[in-house]
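Taking the hints into account, I'd like the entire structure generated from these sequences.
Protein chains: 2
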Amino acid sequence: MNAAKNKFLECKIFTSLTEERSRIRKYGKGTIIHFQGEEYHSLLVVVEGLVSAEIHDPQGKKIKLETFSPVSPIAPGILFATDNTLPVTITAESDVKILSVSKQDILTILQKDTACLEGYLSLTGDKIVLLAEKIRLFKFNSIQQKIAGYLLNLSKKKGSNHVRLPYTREFLADLFGVARPSLSRELSRLADAKILDIKNKDITILKKRALNYILEGKFGTLYDYDNG
Amino acid sequence: MNAAKNKFLECKIFTSLTEERSRIRKYGKGTIIHFQGEEYHSLLVVVEGLVSAEIHDPQGKKIKLETFSPVSPIAPGILFATDNTLPVTITAESDVKILSVSKQDILTILQKDTACLEGYLSLTGDKIVLLAEKIRLFKFNSIQQKIAGYLLNLSKKKGSNHVRLPYTREFLADLFGVARPSLSRELSRLADAKILDIKNKDITILKKRALNYILEGKFGTLYDYDNG
DNA sequence: CTCAAACGGTAACCTTTGTTACATAAATAT
DNA sequence: ATATTTATGTAACAAAGGTTACCGTTTGAG
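Quick note, the sequences are listed as chains A and B, same order.
So the first sequence is numbered by the working numbering: it starts at 248 and just counts up by one.
So the second sequence is numbered by the working numbering: it starts at 248 and just counts up by one.
Calculated from the structure, these hints are not laboratory results.
Mixed in with the good hints there might be a few duds.
Identical copies go unnamed one by one, so any copy, or any two together, can satisfy a pair.
Derived pair list, reagent style DSS-like, types lysine-lysine, alpha-carbon separation capped at 27 Å [to be verified]: (1) 465 to 393; (2) 254 to 359; (3) 359 to 252; (4) 393 to 404; (5) 386 to 465; (6) 359 to 441; (7) 308 to 465; (8) 448 to 393; (9) 465 to 309; (10) 259 to 359; (11) 465 to 259; (12) 350 to 259; (13) 393 to 309; (14) 403 to 252; (15) 386 to 311; (16) 465 to 273; (17) 350 to 254.
So this is what it looks like as structure tokens:
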């Protein structure tokens, strides 16, 4: 999702490309950068702003699969797939700058330098891990479990029981792949059960233990736990 | 899923490896070849038999993501992921022979030959396409839509309205990621509506048009269609 | 051929999530 | 500040799918 250390993104042959003005294109907030179903011929790379990848269905429902912040390559795997039709829609969540690198240029880089090659392979491998994790989440986790997992993770990163949601409820619902009122309902239930204290985007975890139990599927629908 | 033409699998450097006896290991039907959650260090390749990849959850529910028939590499992407923990369990569906190739050997091959490199990248890219498609299927398609899609596809391949299911109901339910009785119920409903004629594993599509409508989500729960 | 094990259909019931509609609150532009 | 849009909570209801339990059928080993 975010830009982690990667041998491909750091290799000189690639970084030098990111400085070529001619390769960069700007998109305004809300613009669609690449439509689901269209062929994907050149690697797009987010160099400024925030970009998301969503699966849309004909009825207009959608699932946000990923958000990309600089410097992140978009769909490095699909570029080389037998069917190189993009399975997601790429949207600018803010004003963004996108770098474009042809498939052939990528191949040339990969062939030249083993570190680059390993780096690129780990980029595509990480996508597979991410998608597999999404499937696990979608099929095996209830909405409450998704909330629990998400909040516990945020809280751990921040080292505090109080977190501020970086997204709107609607954005979050798309990220979880659920309906917005359903997310609202489950959040309210957790608040009713005094597990969470919710004030707009500010959420305090009141009973971390309970939240962990929920995440692990140790509760049914009732919350008969102690404090903690 | 099946072994399609691929530049990596066909390149000589790789095919010569498949002849080295010492690299091959046998597994009996039902054996687990690699556990979900364990690190994946060498590329495994199915050279004989049938192998499946499933996501398991702690409660024992499972989703079959893929089946591999010879010659198919298993998880070529994860091999190079930052977190190279396998997100799926690899199971022998029959007696199988598995070839093992070290990560380093793969890198060497890819560096030597552009065709191999492109081939390997398309293998991993195709996995991403497959997983994205699974997500779409899981989130946006009802059980009836999955059945419709599956049968129409089988029927198209065979060029006949009569198909024979290659799997048991249980296997199919896992493939669809649904409960077995749920799949049974929906199959029965389609039979009740005279859209399908079902006799064990032999299914005849009686109303292809209706099935297409279902697939496209043009029906609610009632089937008020014409013939065809 | 026989028998046990695996497979499959079904019904009643439960749980989760989605849908729709509406009122309120918050954010943003003018 | 005020207006307008966007975001959010909520409730009543619907729908889809899961669970469990049971029994009949098919299959395949011996």
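Hints, one by one, checked against the model:
Taking identical chains as interchangeable, the C-alpha atoms of residue 465 and residue 393 lie at most 27 Å apart only when both belong to the same chain, with a minimum of 14 Å there against 31 Å between chains. Both within a single protomer and between protomers do residue 254 and residue 359 lie at most 27 Å apart by alpha-carbon distance, with minima of 13 Å and 19 Å respectively. In this homomeric assembly, residue 359 and residue 252 come within 27 Å of each other (Cα to Cα) both inside a single copy, at 20 Å, and across copies, at 26 Å. For the homomeric pair residue 393 and residue 404, the shortest alpha-carbon distance inside one copy (17 Å) is at most 27 Å, but the shortest distance between copies (39 Å) is not.
In this assembly of identical chains, the alpha carbons of residue 386 and residue 465 lie at most 27 Å apart whether taken from the same copy (17 Å) or from different copies (25 Å). Taking the shortest alpha-carbon separations for residue 359 and residue 441, neither the intra-copy value of 58 Å nor the inter-copy value of 61 Å comes in at or below 27 Å. With identical chains, the CA atoms of residue 308 and residue 465 are at most 27 Å apart between copies only, with a shortest distance of 16 Å across copies and 31 Å within one. In the homo-oligomer, the alpha carbons of residue 448 and residue 393 lie at most 27 Å apart inside one protomer (17 Å), although the nearest pairing across protomers, at 38 Å, exceeds that limit.
Taking the closest pair of Cα atoms, residue 465 and residue 309 come within 27 Å of each other only across two copies (19 Å); inside a single copy the shortest separation is 30 Å, beyond that limit. Taking identical chains as interchangeable, the C-alpha atoms of residue 259 and residue 359 lie at most 27 Å apart whether they share a chain (11 Å) or sit on different chains (21 Å). Neither within a single protomer nor between protomers do residue 465 and residue 259 lie at most 27 Å apart by alpha-carbon distance, with minima of 50 Å and 52 Å respectively. In this homomeric assembly, residue 350 and residue 259 come within 27 Å of each other (Cα to Cα) both inside a single copy, at 18 Å, and across copies, at 24 Å.
In the homo-oligomer, the alpha carbons of residue 393 and residue 309 lie at most 27 Å apart both inside one protomer (17 Å) and across protomers (19 Å), since each shortest distance falls under that limit. For the identical chains of this complex, residue 403 and residue 252 are intra-copy neighbours only, at 21 Å inside a copy versus 46 Å across copies, given an alpha-carbon limit of 27 Å. For the identical chains of this complex, residue 386 and residue 311 are neighbours both inside a copy (16 Å) and across copies (12 Å), given an alpha-carbon limit of 27 Å. For a Cα distance limit of 27 Å, the shortest separation of residue 465 from residue 273 qualifies neither inside one copy, at 48 Å, nor across copies, at 39 Å.
With identical chains, the CA atoms of residue 350 and residue 254 are at most 27 Å apart both within one copy (18 Å) and between copies (17 Å).
Checked against the numbered hints above, the structure breaks hints 6, 11, 16 and satisfies the rest.
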